[in-house]
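Undergrad: Input sequences plus hints: build the corresponding full structure.
Number of protein chains: 2
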Amino acid sequence: MTPLFSAITGPTVVVDRRKASANIAAMRATADAANVRLRPHFKTHQSVTIGGWFGDPAETAIAVSSVGMAQRFAKAGWHDILLAIPLNPGALYDYRQLANQVRLGLTLEHEDGLATIAALQAPVDLYIELDAGYRRTGLSVSQAARIDALLHQAQALPNVRQLGLLLHAGNSYNSRGDDAIAAVHDQSLNALASLLSQLRFDRSQLRVSVGDTPTCSRMTSFRGADEIRPGNYVFYDLMQQRIGACDWSQIALALACPVIARYPERGEVVVHGGAVHFSKDYVLIDQQPIYGQVMQTSSDGWSEPLAGAQLIGLSQEHGKIRMPAAQIAQLQLGDVLMIVPAHSCLVMDASQGRCDILT
Amino acid sequence: MTPLFSAITGPTVVVDRRKASANIAAMRATADAANVRLRPHFKTHQSVTIGGWFGDPAETAIAVSSVGMAQRFAKAGWHDILLAIPLNPGALYDYRQLANQVRLGLTLEHEDGLATIAALQAPVDLYIELDAGYRRTGLSVSQAARIDALLHQAQALPNVRQLGLLLHAGNSYNSRGDDAIAAVHDQSLNALASLLSQLRFDRSQLRVSVGDTPTCSRMTSFRGADEIRPGNYVFYDLMQQRIGACDWSQIALALACPVIARYPERGEVVVHGGAVHFSKDYVLIDQQPIYGQVMQTSSDGWSEPLAGAQLIGLSQEHGKIRMPAAQIAQLQLGDVLMIVPAHSCLVMDASQGRCDILT
Chain A
1 MTPLFSAITG PTVVVDRRKA SANIAAMRAT ADAANVRLRP HFKTHQSVTI GGWFGDPAET
61 AIAVSSVGMA QRFAKAGWHD ILLAIPLNPG ALYDYRQLAN QVRLGLTLEH EDGLATIAAL
121 QAPVDLYIEL DAGYRRTGLS VSQAARIDAL LHQAQALPNV RQLGLLLHAG NSYNSRGDDA
181 IAAVHDQSLN ALASLLSQLR FDRSQLRVSV GDTPTCSRMT SFRGADEIRP GNYVFYDLMQ
241 QRIGACDWSQ IALALACPVI ARYPERGEVV VHGGAVHFSK DYVLIDQQPI YGQVMQTSSD
301 GWSEPLAGAQ LIGLSQEHGK IRMPAAQIAQ LQLGDVLMIV PAHSCLVMDA SQGRCDILT
Chain R
1001 MTPLFSAITG PTVVVDRRKA SANIAAMRAT ADAANVRLRP HFKTHQSVTI GGWFGDPAET
1061 AIAVSSVGMA QRFAKAGWHD ILLAIPLNPG ALYDYRQLAN QVRLGLTLEH EDGLATIAAL
1121 QAPVDLYIEL DAGYRRTGLS VSQAARIDAL LHQAQALPNV RQLGLLLHAG NSYNSRGDDA
1181 IAAVHDQSLN ALASLLSQLR FDRSQLRVSV GDTPTCSRMT SFRGADEIRP GNYVFYDLMQ
1241 QRIGACDWSQ IALALACPVI ARYPERGEVV VHGGAVHFSK DYVLIDQQPI YGQVMQTSSD
1301 GWSEPLAGAQ LIGLSQEHGK IRMPAAQIAQ LQLGDVLMIV PAHSCLVMDA SQGRCDILT
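Read top to bottom, the protein sequences are chains A and R.
Residue numbers 1 to 359, in the working numbering, belong to the letters of the first sequence in order.
Residue numbers 1001 to 1359, in the working numbering, belong to the letters of the second sequence in order.
Treat the hints as calculated values from the structure; they're not laboratory data.
Some clues are possibly wrong.
[To be verified] One side only, chain R facing chain A, incomplete, derived with CB under 10 Å:
{"#": "1", "residue": "Glu1265"}
{"#": "2", "residue": "Arg1266"}
{"#": "3", "residue": "Ile1357"}
Backbone N, C-alpha and C fix where the C-beta goes; we use that ideal spot for every residue, glycine too.
TA: Structural data, given as structure tokens:
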């Protein structure tokens, strides 16, 4: 075990700042080259400290996905915050408070939400959410007339400062490799272009925001968009590596988990580190759910995957790892394994943004 | 929407105290009738408030699964706390502090852990964990000679106050119905009896602790055991209902989630309530992962399942519900749906023990 982790007594999220900073810089360069604004989605880390790595809060427009996150980042100095989840009329009071503190963006996916905007008593940016095939939330891009009418209705509301269109091609997460990512990207942007061509609403009055980590990591053009909105890229994870959005060396987050049991006879090790730390998100490899990849430790963190060592089972606090017997033989009780999780956003949420930072 | 939930502005865990209290009383009666001690596992709720419903903290022996939980309940007045997860030598300092505060129980699954016990400088109860078929942690019950030797070694340590055997038949979670639960129960207790018959170690010097919610909910005899250790039964959940450990009326926890989008044309509703609130644990129904069951709301909480309304998808903050169009037509944006989750323990962990309590 490297001395770096000798003080770890329980499951601990570890973030490699150099890798995260390189990821932040790379996405910045992608946005600049594509001539789009970058609005990082802060739901991935939910950390004021890590948020500061993206630049001066006062000059960094961000996306979040809950009122609680918006409140936290508003309090910490961010001024331009988009709530990228359909608005909930029950949260009117919270929206009103936020809109008085920061430049707030809200997301609308139905005419019924306009009453909440009208009741705000404060200006907001308003994004109409579109669905170009992901089928989670948003108005189908095929409903051009309805979207056009909604934009005109929204424009008439005194509280609406800036109108926009918001798109999340979450179906990119089903892709494997650049060709598949490009196919989702093209399908999504073509649908957007088709919609825009049918709108009577003045395009120059609209801000168009798109983005998800796979397409933003691998594509270079975002035609039709003014802004990209990826989040996960700051850390990446096993899922993004499988998609082909990143390689192993870019993954900036792992969980340090103490070994609490070794079973060489069945090729398994158990760590303290369970569903409450990893979440139960997984990737399927050879038809088996894999919750994380065990990494080789190094003097400054972790390096390559440890061949054949994967997190194959989770209960509340226990994690079961499949591992070659030769590796198990080298492990002592209490040794720390570094495990790249399937989904880093859920890991950071579970840790409430708490992590050890390697610099 | 019932007025009860009109103040809810985001995903909120709701606990029905009457149902939870009835569950607590029923398990108490089961333990009394079977003449075993009941040591409830507090990992399910992690709440000092709810912990108080089990009786006077000073007189309630409990199990937990992390040092953090042990510290919280020790501070709040519980005196007899078993850490029911294999010990981690790296946590020696924490164990020593706890052992000086409360009657601490630790769990051992390998000879290598004895050095940590020897270094404690304070007395503990020590449980040797057995594996009777679940294959997560513990010494296989087939290793009678090794277990016998380990018990004698442990007994020789001055810090060991009480020795025990600890068994968790987590494989009961794969059962459906009483016959299947009984089969796991019998297999597990028969294996325990066989082991006990082979030990030279004095049985009267051992405390034998078993238990998991399915067997403790449905079985009436725990032969060979001195103590049962279920946890989930205080709330139950969709998984336990599917196993047959409880019926719908016993489930004491649901998530109140605001409706943020309705798609009658595809038979779906989206709520604010995602993987960070529900966890991604699921039950398979007709080969499909189901993360929760939508319930009918009532004047005092929720009642029966709403037919055909199930949580079928989760992203970080969004929950996708399949629902008959006739039901969707009655929903307004911001209405609150009550959803029984697949796994209540992970929901309470995600909420950090925060919940609204219906009394």
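Undergrad: Would you check whether isoleucine 1357(R) satisfies its interface hint, that is, whether its CB is within less than 10 Å of any CB in chain A?
TA: 20 Å, violated
Undergrad: Does the nearest C-beta of chain A fall within a distance shorter than 10 Å of the C-beta of glutamate 1265(R)?
TA: Status holds, d = 9 Å.
Undergrad: Do the numbers back the hint for arginine 1266(R), that is, is its least Cβ distance to chain A under 10 Å?
TA: Where the cut-off is 10 Å and the nearest Cβ of chain A is about 7 Å from arginine 1266(R), the hint holds.
When held up to the earlier numbered hints, the structure conflicts with hint 3 and nothing else.
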